[in-house]
Amino acid sequence: MAELLQFIFSGLTVGAVYALVALGFTIIYNASDVVNFAQGEFVMLGGMATVFLAAAGLPLPLAAIAAVVITVAVGLGLYLFAIKPARGASAVTLIIITIGASIALRGAAQIVFDKQFHRLPSFSGDDPIHILGATILPQSLWVIGGAGVILAALWWFFRVTLTGKAVLATAANRLAASLVGIDTRFVVGLSFALSAGIGAIAGILVAPITLTSYEVGTMLALKGFAAAMLGGMGNPIGAVAGGLLIGLLEAFGAGYLSSTYKDAFAFVVILLVLFVMPGGLFGARSVERV
Amino acid sequence: MTCHSALKSLLGGATLALALAAPALAQETIKIGAVLSATGPASFLGDPEEKTLKLYVDRLNAAGGVGGRKIQLVTYDDGGDANKAKTFAQRLVEEDKVVAMVGGSTTGTTMAMIPVFEDAEVPFISLAGAIEIVEPVRKFVFKTPHTDKMACEKIFDDLKKRSLAKIGLVSGTGGFGASMRKQCLAVAAKYGVEIVADETYGPKDTDVTPQLTKIKGTAGLQAVVNADFGQGPAIVTRNYRQLGITLPFYQSHGVASKQFIDLAGEAANGVRLPASALLVADKLPDSDPQKKTVVDYKTTFEENTKQPVSTFGGHAYDGLMMVVDAVKRTNSTEPKKLRDAIEATKGLMGTAGAITMTPTDHMGLDLTAFRMLEIKNGEWTLAN
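First to last, the sequence lines map onto chains A and B. Quick note: the first sequence, position 3, residue 3 per UniProt numbering, numbers continuous. Quick note: the second sequence, position 147, residue 147 per UniProt numbering, numbers continuous.
Same shape as in the complex, but just chain B:
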C-alpha cells in the first residue's frame, strides 16, 4: 500500500465517521452561522461583533444552553469583501447547515448575502445599518441596529429643537455614507430642514478640508452633518476644527465607538450624535427600562475582552438574543419556525432598545431607542 492510498482510506474513514456523527449532533445543537468583517476596513465593526458572539455563546453553553440545547457557532471572516461574504454565506447554508445567521457587519456584505439566505429560507439577522436591508421587507431578513433614516430623523429633530434649519451635509461615498446621505435628503423636508451644501469624500481620503472649505463658504449655514462611519469622520472632525468652523457639528451613530474619540482627539469635543443607550450606560437614570440590559452587557464585554464597549458588539448581542428568544418560544431549531418566531419578537430588551418585530417591520426599533449624545471632555454625555 502506498503512502497516498493509506492517506485516502484514512480520510475516507474520517469522513464516514463525521457523516455518521452529524445527524446525532444536529438534534442537540443550535447551529448559528456568523459571517463577519473581523479584519479589513470594517474590522472595528466585525471585531467586537465576533468577540461578543463567542463570549455569549460560551456563557449560554456554560449555563446549560438554551432549553437543554447547546449552541454551536460557526464564524467566517469576510475581510469586508462582499464577494467573500457571499461565498461564506453559501458555505453556511450548504455545508454547515446553520439554522440561523447572525452577521453581515456592513451594508455591502449584507446585501450580497441576502439572496443566499432568502433562497435557502434560513433566517438572517444583519448587524448593518442601512435601511435597504429591511425595506422592502424580505421574508427571512431582519436587522438589529438603528437605521440611517432614524439617525437623520433624530439629528433633524435635535436641529429643530435648537431652531437650526440650514445645514451642510458632508458624506462618505462608501455604502453607509451614501445610503445615509440619501435618507437625510429624503426626510429633511419633513423636519423643515434645508440642505444648503452637499459634499462627499472617498472612503480612503485623508484630507477633507477642500470640501469643508466649500461648505464653510455657503451662505446662511447653521450646522453641519457628517454621514459616514470608520476613520473618515475622525478626519472630517479634525479638519472641521482646523478650519475653525464653530457651528454645531453632528456625526451619525456610525462613529459611536470610543475609537472615534481617540482618533479625533480634542476635536471631538462638542460633537453631537444619535446613538444607543449603551454608550452612556452608567449615566442612565435607574428608572430607565434599558439600564439593566446595557449595564450587564457593558460590564461583561469589558471584563472579558479588556476593550471599551462599542455599540457594534451590542448589535451582535441583540441578534444572538433574538435567535435565543425565538428558540425558547418555539422549542425548535427548524429555520422556518425560527423565522416566524423572530418576526413575532415582542418587547425584547436589547442594547439598541426594546425590539418589537411585525410582518412589516423587520427591525423593530423606534426613535426612542436612540439617545442624542454629546462628547464632552472626551466622554459621551446625554445631550439636553
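Bound conformation, chain A alone:
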C-alpha cells in the first residue's frame, strides 16, 4: 500500500510537469497548427534564468517573476522574428523553424548561462511529508498545485474572457474568425506568449526537484509531445490527462516491472492507445471535409 502510494506520488509529480509542457504544445497548436518543438526550451529558460537571477542577488520570488517575463519575451520574439515572417508557409515548414529555434536557444543558453547543472532552493523546505508510509516533498505539492492553478486559470481565460474566446474561435476556424473581426495574428502571438509563460513556470517549479541545465528541455519536449499526442493533440484536458498518465506509467513501470524498461513500457502503452484511438484519448474524431 505504502509502495503503491509512493509510486503514485512519484508519477503525479513527474506527470504534472509533462502535463504543463503538453499544455504549451496544445495552446500553440490550436492557434496556429504549429507543433512548437521549442516548448521544452521555455521550461529550461524559466529554470535557468531564475537560477542565475537569484545567484545575481535577486530575491527568489522576484527572480522567478523576472524569469517568466524573460521567457515570455523570448516566446514573443520567436513568433515575431521566426514564425510571423514565414506566414503562409506550410505547418511543416513552421515546425522545422521551431526545431531550429530550439537548437538556437539551447546554444544561446550554453553561452549566456553555463553548461553545469543547477538547483533552486525548495520553496517550502526539503522535509518530506509522510502520508500512510509514503513520502512526498513539499515541492512536489507546489508542482502539482501549480499545474492545477494554471489549468484553472486557462479554463477561466478561454471560457470567460473575450480574448480567450477569440483564441478558441481562431482555433476552430481561422478564416471565419478573421472574418468576424478577430486579429488572428495577435491571437497566434498571444498563444506563443502564453505557452512560454506556462513553460517558464513549469521550469521554475520543478528546478528544485529535478535540477536544471541548458539541455533539460530536450527530454521534456519529447515527453510533453508524447503526452499531448496521447491525450489528443489540441485538447487541453487531454494534454493534462496524457501527461499525468505517462508520469504514472513510468513510475509503475519502474516500480512493478523493470526499471530498465520503464520508458519502453510507457511508450508501448502510448503506441497501443494510438493504435486503437488514432486521435488520442480525448481527440476529436477527425472528419475529412470535402
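Rather than coming from a laboratory, the hints here were simulated on the basis of the structure. Because the structure is a prediction, the values reported are computed rather than measured. Among the clues, some could well be false.
What the hints assert, rightly or not - What follows is a set of in silico ranges between Cβ atoms, one per label pair, in the way DEER data are often shown:
no. : chain 1 : residue 1 : chain 2 : residue 2 : range
1   : B       : Glu94     : A       : Val269    : 45 to 51 Å
2   : A       : Val269    : B       : Thr381    : 45 to 51 Å
3   : A       : Pro138    : B       : Ala62     : 50 to 56 Å
4   : A       : Ala56     : B       : Thr381    : 46 to 52 Å
5   : B       : Glu121    : A       : Ile111    : 36 to 42 Å
6   : A       : Ala56     : B       : Tyr191    : 30 to 36 Å
What the hints assert, rightly or not - Heads up, simulated EDC-like pairs for lysine to aspartate or glutamate below, C-alpha to C-alpha not over 20 Å straight-line:
no. : chain 1 : residue 1 : chain 2 : residue 2
7   : B       : Lys216    : A       : Asp114
8   : B       : Lys298    : B       : Asp288
9   : B       : Lys51     : A       : Asp114
10  : B       : Lys214    : A       : Glu3
11  : B       : Lys214    : A       : Asp114
12  : B       : Lys216    : A       : Glu3
13  : B       : Lys292    : B       : Glu303
14  : B       : Lys204    : A       : Glu3
We put the CB at the ideal spot given by N, CA and C, even for glycine.
Dock chain B against the given chain A, drawing on the hints supplied.
Just chain B, lined up with the frame of chain A:
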C-alpha cells in the same frame, strides 16, 4: 582577374606558406591532441579537463617547454557525442599529426576513438573511468583515472570493515553506470557482499523514488550503492533522503566534484565515496607522499580558473604529465618511442596516485590510490 580567382590564388599562397612552415615547426614542438567533452552532458568532465590542459601547457611553455621543445595543444569539443569524437580523432592523426593524445572524457567517446589511435599507432591516454579501456590491454591505449572495478572493490572493502554484507545496487544505464554495475556484480563475491536488489535508471531521469522504494522494501538490506556519474547521483541522493532511508549510502568516484555536493544539498551529508586524494588535499597528513602534488595542482587550478578543483581536471593533469615525462626520458617526439616510454612510466606521482605502468597494466594505479571519503556538513572528509 575576377574576385574569385584572386581569392583562390591568395588561398593557394597561404597554403603553400603553411606547408613549407609545417616541417620546421614539427621538429620544435610537441603536438598533443585532446578531444574532450567540453560541452554537453559530460561537460562537468570535459570543462575542467580542457582548462587544466590549457593552463599547464601554457605554464610549461612559459617555463621554457620540455627539454627545449614547446608544447602545442590541439583541442576539439565532441559535446559528449561518440561519433563526433571519432571524427575529431581522425582529424588529429591525419591532419594535425599529433604525437600523443590526452583526452576522451567519457568511456563512450574513448571507446569510439580507440581504433583510430591503434591504427595510426599514436599513444592515447584516456581520461575516462571504465575498465574496458585498458582491459584487454591495447598497445597504444592508456588511462589515468581509477577504474570502476577499483571503486567497487574500495566500497566493498569498506562495507566489510563495517560488517555490512547485503546491499542494494542502483545504477544509471549510461556507459559509466552500466560498466560499474557489471564490475560490482563481478567482484561482490570476493568481498562476501551479496547484492540483494539491483535497479537501474536512465541518464535523463528526474525521479528515482520508484526504484528506491523497491530497494527499500528488500528484506535484509544493509547498505545501498549508487553507480553513476553526473546529475543522476544527485537526484538519487535527494530521493534517498526523501524516502527516509537511513542505511549507509555509497556513491562512486564519478561524483567526486563539488558540484555533487551543491546539487544534492543537505542530502549529501553522510554519503561515502572512494575518490582520489585531491579532494582532501588540505586534510592529508604532511607525511603523505601525494600531498605536494595534489596541493600544488589544487592551488594552481583554483587560482587560475576561480573554480573549485575536481578530480576530472586532475586526470587531465596526470595524462599530460605522463606524456611530458615520456618526452623527457626519450628526448624524442616519435609516437612509437613515446608509447614505449609511457609504458615504462614508474612511480610518477599524479593527482590520482603513484603511476607505475607495465606491459600488462596500462593504468598503473592500485587500491591505495583511492581514499574513502565521507561528506560531512557539505565538505569532503577522510573516513575512518
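Structure-inconsistent hints, enumerated in ascending order: 4, 6, 7, 11 and 14
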